[in-house]
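Asker: So the working numbering is basically just the index in the sequence shown, starting at one, shifted up by 23.
Just so you know, these hints were derived from the structure itself, not from any lab. Keep in mind that a hint or two might mislead.
Lysine-lysine pairs mimicking DSS-like chemistry, simulated, CA-CA at most 30 Å apart [to be verified]:
id: 1; residue 1: Lys492; residue 2: Lys586
id: 2; residue 1: Lys118; residue 2: Lys130
id: 3; residue 1: Lys54; residue 2: Lys65
id: 4; residue 1: Lys586; residue 2: Lys73
id: 5; residue 1: Lys53; residue 2: Lys492
id: 6; residue 1: Lys54; residue 2: Lys247
id: 7; residue 1: Lys358; residue 2: Lys118
id: 8; residue 1: Lys645; residue 2: Lys560
Here are the in silico distance ranges between beta carbons for each label pair [said to hold, decoys possible]:
id: 9; residue 1: Phe655; residue 2: Lys492; range: 18 to 28 Å
id: 10; residue 1: Lys118; residue 2: Lys419; range: 28 to 38 Å
id: 11; residue 1: Thr303; residue 2: Gln267; range: 13 to 23 Å
id: 12; residue 1: Asn343; residue 2: Thr173; range: 41 to 51 Å
Idealized CB from N, CA, C, for every residue including glycine.
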Amino acid sequence: MVNKTKKRRNHCKKKTIKIRDVNEIITINKKFNNFSKENLTKTLQKTLVKEFKNRIMLDCSTLPYKNNKYTYNYVINKNDNYGIYYYTDNITNKKNVLVNCQKMSKKSTYFHMNDLDISNDETYVAFSVDYNGNNISTLYLKNIDTGKQTIITTKTGNNYCISPDSKLLYYVISDTSGRPYKLYSYNINTHKSKLIYTERNLTTSIIVYKTSDNLKCLLDCLTKLYSNTFCIENNEYTHLFKYQTKKIYHVDHFLNKWYILVDDNYSRVVETTDFKSFTTVLKHMKNIKYEFFLLKANKLIVGSRYKGYNYLTIKNLCNNKIVKINLSPIRNEIKFPELANMNVFSNNLLINISTFLNPSKIVSINLDNFDVKELKSYKPSTYNPKLYVEKVIKVKDELFMTILYKKNNFKKNMKCLLSGYGSYGTVEDPLYDYSIQSLLDRGFIYCFAHIRGGGYMGKKWYDNGKLFKKMNSFYDFITCTEFLINNNYTSSDKLAIWGRSAGGLLIGAVLNMRPDLYKFAILGVPFVDVLSTMSDKCSPLTTEEYYEFGNPSDKKMYEYIKKYSPIDNINFKHNYPNVYIYSNINDNQVRYTEPFKYYNKIKNSSVFISGEKDLLMKINLKYGHRQSSKRFEMMNETAEIYNLILHFIQ
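Between the sequences and the hints, there should be enough to build the whole structure, so can you do that?
Answerer: What follows is the structure, encoded as C-alpha cells:
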C-alpha cells in the first residue's frame, strides 16, 4: 500500500494557472466592470466603506499580557492594514518590537501572519506568513534577545511549535494537494532540519501543538471520523493510544496527568496517567456537546454548546466543583486572545467575546471565585448596537435561524439576505461583523440558516448533513426560505442568498432545486464541481474530504453526488435568479477552475442568454481563498457585494 501511495503522489503535479484561462477571465472581469459602471454608483460604495469604518476602532491595541520574562501586546494604527507586536522587559520596562507586520507586508500584495509561538524560556518566537493567499507560508524563527530572524522553510502552513526545552522547532509541510503530511524538526543550535514523521494515508492530515502546561508536544493524525495522537520528544514519537479507527479525541496534559475530550455523540472528558485506565472528569450531559478544552490553574475549562448556544463549563480539579458560565444573554462567540493566557498558573482567564452586532470585548474570569470582569471594549463611540436586534427563531423541529434587524425598521415583507454554510460541522457563531448594519439600516433583515451538515445542534446534526445525507443541507435551506416567505418576513422578489466555499455548494445546489424562490444569488469561491473534484485525488483537500462528501469511486456515492453537484444539475430552461460569482486566481482550496467552468456552463441558460436576468462573475487575479488581507481593501470588497445586493433587491 505504501508503494502505491508513493507512486500516486509522484503523479500529482502542481496545479498551474493556464494563460488561456487568464485571458478569458480578463474579458469576463471587463464585463463585470462595465456592468458596475452602468448600474452601480461609486458614491454608494464609498459611503458603505465610511459606514464600516465608523463601526470599528481603527486605532487600537490589545491589553498588555504579562508572562515571566516579558509583557506582550499588539498595536495597529488607524491608517495601517497591519499592526506591530511589542514586548516589554518586566524588569527594565524597556519596550521593543517583537514582529513588525506592517513593515514586513510593504512589498507584498497579500499578507497573512499566523499565530505566534513563544518558547518557554521566552528567547525565541516562531511565526509564519502567507504571502500569496494560498495557505503556503514562510516559517520564521526570531531570537527575541538579539533580533535575528531566520527563515526555516517557505513550504509550511500555520502548524508549528517550539519544543518545551526551547531547542527544537517542530513544523508541518503539505503535499502537492495541500494535505499536511510531514513533520520536521529544526535544531535551533545546529540549524539543521530532520524529517520526523510522514503520514501516508491519503485521507489523513496532521497537526502539531504544545499542551496546556507547555510540557509536551503532541502530533495528531486526523480524519473526519477518527484521530490518533503521538507524543513527540527528542525527535522521536510514541503512540499514546492504541490505533483508533472510530473516535475523535482531543488530548492535553497538565501536572503529570493526561486529559482527553472524547468527541462523539456522548462527548465527555476523561483523565489517565497510563492510557490504560481512565477516570471520567466531566460526564456526558444530554444535548450538550463539549467542543474544546484547556487547562489552567488546576481548572478544566471546557467550551460547551447547548442547542446552538456557547457557554463555558469550568471544573476545579482540586475540589471537583463545577461552574457553568454564560458570558452573554445574546448568542455569542468565545475566543481566547493570542498570548493572553500564557501563564498557565495564573488564576485569571482572559476571553474575547462578541456577537454579530456587538463588537468584541475582553473579559477576565477569576478562576478562584468565578467573578467576570470586563477589561476592554472595542466598541467605537460612533456606533450604537442598541439600535439593532439579534435573536434566534425556530423554523421547525431542531431547525433554527438567527435573524438580525434594526428595531425602527422592522415590519412585514422586508428585503432579506439569507446565508448558510452547512458543512464540516461548522457553526455560524456570531463573530462581530461591522458591515451587516449597513443593510439593516436600509431596510433589510439578515438571516443565518443553521442547517444540517453544520454543528449547530451537535454531532448528530452534522452527521445528518454529509455523505449520503448531504442533500438534507439543501432541504433545510429551502425550508428556511419558505418559512421566511410564508410568515411574511420577506418575499421571493426581495430575497437574496449568499454562500461561500462549501456554502457556495449550498447555494449552487439550491438554485437548481428551487430557482423560483430567489431574486439574487451570490456564490463566493464556490465548491460547485463536486463530482469532478472529488474524483481527482490530486485536487486540494480531496482525499481528506472523502469522509465529508464521499469517494465517487464508489458507484452509489458517485450517483448520489451526481444528484446534487451544482454544475452537473444546471437546467438551461430554469428561470434562474440574478447570479454573481466571485473567486480568486491563487485559491488552492477551491481552485478558480471550478467557478470558471460553472460560469461557462450556466451562462448558456435561456434566462441569461435573453438578458432577462444578469449573470456576473469576477475572478480576482491576486488573491487566494480568503480574498484580500488588507483591512481597507476587504471593506471595499464587501462594499462592492453590498452594492450589488442593493441594486438587485430594491
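Asker: Holds or violated: Lys54 with Lys65, Cα cutoff 30 Å?
Answerer: holds, 17 Å
Asker: Quick check: does the Cβ-Cβ distance between Asn343 and Thr173 fall within 41 to 51 Å?
Answerer: holds, 47 Å
Asker: Within a Cα-Cα threshold of 30 Å, do Lys492 and Lys586 meet the stated pairing?
Answerer: holds, 12 Å
Asker: So if I understand the rule, the pair passes when the alpha-carbon distance is 30 Å or less; does Lys645 with Lys560 pass?
Answerer: Roughly 26 Å separates the two Cα atoms, so the pair holds.
Asker: Tell me if the straight-line CA distance from Lys53 to Lys492 falls inside 30 Å.
Answerer: Outside the cut-off at roughly 40 Å; violated.
Asker: Can you confirm whether the C-alpha distance between Lys358 and Lys118 stays at or below 30 Å?
Answerer: holds, 27 Å
Asker: Just to be careful, I want the Cα atoms of Lys586 and Lys73 compared with a cutoff of 30 Å; is the pair within it?
Answerer: Violated, at about 44 Å.
Asker: 13 to 23 Å was suggested as the range; check whether the CB atoms of Thr303 and Gln267 agree with it.
Answerer: holds, 19 Å
Asker: Lying within 18 to 28 Å: is that true of the beta-carbon distance Phe655 to Lys492?
Answerer: Violated: the Cβ-Cβ distance is about 42 Å, outside 18 to 28 Å.
Asker: For the pair supplied as a hint, Lys118 and Lys130, confirm whether the alpha-carbon distance does not exceed 30 Å.
Answerer: holds, 26 Å
Asker: Can you let me know if the beta-carbon spacing of Lys118 and Lys419 is within 28 to 38 Å?
Answerer: violated, 57 Å
Asker: Between Lys54 and Lys247, is the straight-line Cα distance small enough, at 30 Å or below?
Answerer: violated, 41 Å
When each numbered hint is compared with the structure, violations occur for hints 4, 5, 6, 9, 10.
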